[in-house]
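Peer 1: Chains as they are written, first to last, in the working numbering: chain A, 58 to 446; chain B, 58 to 446.
Mixed in with the good hints there might be a few duds.
Intra- or inter-copy, both count: the list cannot distinguish identical chains.
To be verified - In the EDC-like style, the derived pairs of lysine to aspartate or glutamate whose C-alpha atoms are separated by at most 20 Å in a straight line are:
{"id": "1", "residue 1": "Lys265", "residue 2": "Glu235"}
{"id": "2", "residue 1": "Lys403", "residue 2": "Asp294"}
{"id": "3", "residue 1": "Lys293", "residue 2": "Glu171"}
{"id": "4", "residue 1": "Lys355", "residue 2": "Glu82"}
{"id": "5", "residue 1": "Lys287", "residue 2": "Asp59"}
{"id": "6", "residue 1": "Lys446", "residue 2": "Asp357"}
{"id": "7", "residue 1": "Lys68", "residue 2": "Glu223"}
{"id": "8", "residue 1": "Lys113", "residue 2": "Glu390"}
{"id": "9", "residue 1": "Lys265", "residue 2": "Asp294"}
In case anyone wonders, no lab produced these hints; they're calculated from the structure. Just so we're clear, the structure is a prediction, and the values are computed from it rather than from any experiment.
There are 2 protein chains.
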Amino acid sequence: MDNFTFRNPTKIIFGKGTESTVGMETAKYGKKVLLHYGGGSIMKSGLYDRVVASLKAAGLAYVELGGVQPNPRLELVHRGVKLCRDEGVDFILAVGGGSTIDSAKAIAMGVPYEGDVWDFYAGKAAPKRALPVATVLTIPAAGSESSDSTVITNEDGWFKRGYSSELVYPVFSILNPELIFTLPAFQVVCGAADIMAHMMERYFTNSKNVETVDRIIESTMKTVIHNVPKFLANQKDYDAAAEIMWSGTLAHNNIMSTGRMGDWASHNIEHELSAIYDVAHGAGLATVFPAWMKYTMKHDLTRYVQYAERVWNVDVNHWDPEGTALEGIRRQEAFYRSVGLPVTLKELGAGEDRLEEMADKATKGDTETIGQFVKLKKADIMAILDLAK
Amino acid sequence: MDNFTFRNPTKIIFGKGTESTVGMETAKYGKKVLLHYGGGSIMKSGLYDRVVASLKAAGLAYVELGGVQPNPRLELVHRGVKLCRDEGVDFILAVGGGSTIDSAKAIAMGVPYEGDVWDFYAGKAAPKRALPVATVLTIPAAGSESSDSTVITNEDGWFKRGYSSELVYPVFSILNPELIFTLPAFQVVCGAADIMAHMMERYFTNSKNVETVDRIIESTMKTVIHNVPKFLANQKDYDAAAEIMWSGTLAHNNIMSTGRMGDWASHNIEHELSAIYDVAHGAGLATVFPAWMKYTMKHDLTRYVQYAERVWNVDVNHWDPEGTALEGIRRQEAFYRSVGLPVTLKELGAGEDRLEEMADKATKGDTETIGQFVKLKKADIMAILDLAK
């Protein structure tokens, strides 16, 4: 187990009807709120009205900024920063999924910073302060509701880049599983693919003797695998929704990072994919991950055999560890397909014409590698994308 | 899954040599430290010298209070409160195991409180403030290094009572698995029994649809079960020590309480046992728990079958769920014995002469019940203690 530091201060408020506490909780931190959200789904579901009523009941002022898109854009972040400064906002409340939360975190860091908030994502500066951020989560997926990270897309060149800072852990996050009853099924399964990817990015590690967290990841993967089809069969199944939602937070609150180095190459590759083709992040991950797994399998076959056995219930063939590992990957692909996810670039609807461009961007023109489990050069990424065709 | 709120702000600093950071971390919160510890073991191991050197290097003043005993006493807490007030202490650093940490938490709550700190444990008052507490953990067991709870024994009547408050989450805890190399083996296995008990108290619940946390508990139990014998075979095995230590913290940082109601009757019964006979808490739990399990098994046989299968690898006999459940309990007893733990009151070295007195105290003269999974009256406790003979 590697030495580590772990601290996650986010307060989770979980369960039915919990969005009614948002005003009371917000009042502990701020007086004037930026209410940040995406499109009309929170209007249609009535969530917007409930949140606004709770803020008003707590005597809070607020301004609004909607319009967050999937793969949230820097331009809207800039508008948010300006709005907060103009209006004297002291608290950012994201009502939505990972994109809205990531956008809110960017705004929170941007408000007290004199330069361009993109500096953080470009690795040119580090924030010293941020406004407090909180969330009402509507999509279990990104884990951003209890993470220190944010991913933003810069339209100027379509760069999609992540940044992590302790300053942007949400002070609280409200998780009501009922809120996912109205999501389109495809959005739920894309979210599940993202949740699973967050666990796999951590699972495939070169760190040795990491049994506690290996087992926690395996068991949480199993919970997701069990509950997604259950939820799809009945999209009013609170119990299944609750398991998916809580697993999604645990998958990315950094407990599963303790004592080990994660990989994250698949996320990097997918970021290039969705920046260029604007595909859903989770669908992109479902496509990239099995290809990445086939490509990296021989780097640590024992880990892949353990994964196949413990997560996918593959009977280990001790004379054929490679076959055992491959059967695990095959079951993973079959699972993705069974819930309506793509596992090839074709099924994803991404073109194949710009693969080299993506591999080039991910490695900054083949000058850098991505990933930790296996350090990938441009040619490796090309080979992985080829396996994903 | 029940609605819940979860927040755990403790910063964990984990790994080899991490006690060298204690001065630097402490300086973020205080200027004058109460260094609180037990007996001579931290002197002998050199830990005391390293901690003091780190505090001095950070320019911190400190006063000392040693002498914490297992089942920490109210009298020493009172002395600590007075010492802190007299000396203007603003930070409590516990260097030791759960007893030392629990004593430190009591002192931290007592210093700013005008009445007797026992008021909190007696349920007569709630603290409004507390000094910040931090820990350097030497024994993986109680989980107090990342919990909001403390248990103190009042010598006036030998009452052992717990109290929980967000105010006493340690601000940081330093966990170096190397520190357990010098522990007597019996102390390690008692710690493991305590860790397992913390998970079982949460596992046996009436809350329905709690798969995520069920699986996390099962997998962490397995990690402990796997690594304790490994550590006993080589008490310099850092990897096994690290798994035990991190599992011990995860077992009690309240992640495993999310969405469910725990039981805690076995802890209550054991508190009476160790208050009267001054036995090791973990050994008492190893004795009480299997008896409690046999007594409560029929309340939810399905849960016991799941437990037997997933934690103890029992092949389920679907025609005989009771036999399956019992085989799980039998394997648990066999495990305890295999690592040198008692599973009967006789093996524990506790007398059988005061069982009724214990049952009486636990239920306040049969006017209250204990436990949540099954609510136990005095006669139930007597029956459980009878099964433990």
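Peer 1: Each of the hints needs a verdict: does it hold here or not?
Peer 2: Results of checking the hints against the structure:
1. Lys265 to Glu235: Between. Shortest inter-copy distance 17 Å satisfies the 20 Å Cα cut-off; intra-copy 40 Å does not.
2. Lys403 to Asp294: neither (32 Å within a copy, 50 Å between copies)
3. Lys293 to Glu171: Close neither inside one copy (47 Å) nor across copies (52 Å); limit 20 Å.
4. Lys355 to Glu82: neither (49 Å within a copy, 42 Å between copies)
5. Lys287 to Asp59: The answer is between: 19 Å across copies meets 20 Å, while 37 Å in one copy does not.
6. Lys446 to Asp357: Neither. Shortest intra-copy (24 Å) and inter-copy (50 Å) distances fail the 20 Å Cα cut-off.
7. Lys68 to Glu223: Both: 14 Å inside a chain and 12 Å across chains, each within 20 Å.
8. Lys113 to Glu390: Result: close neither inside a copy nor across copies, 47 Å intra and 57 Å inter.
9. Lys265 to Asp294: between (39 Å within a copy, 13 Å between copies)
The structure is inconsistent with the numbered hints 2, 3, 4, 6, 8, although it conforms to all the rest.
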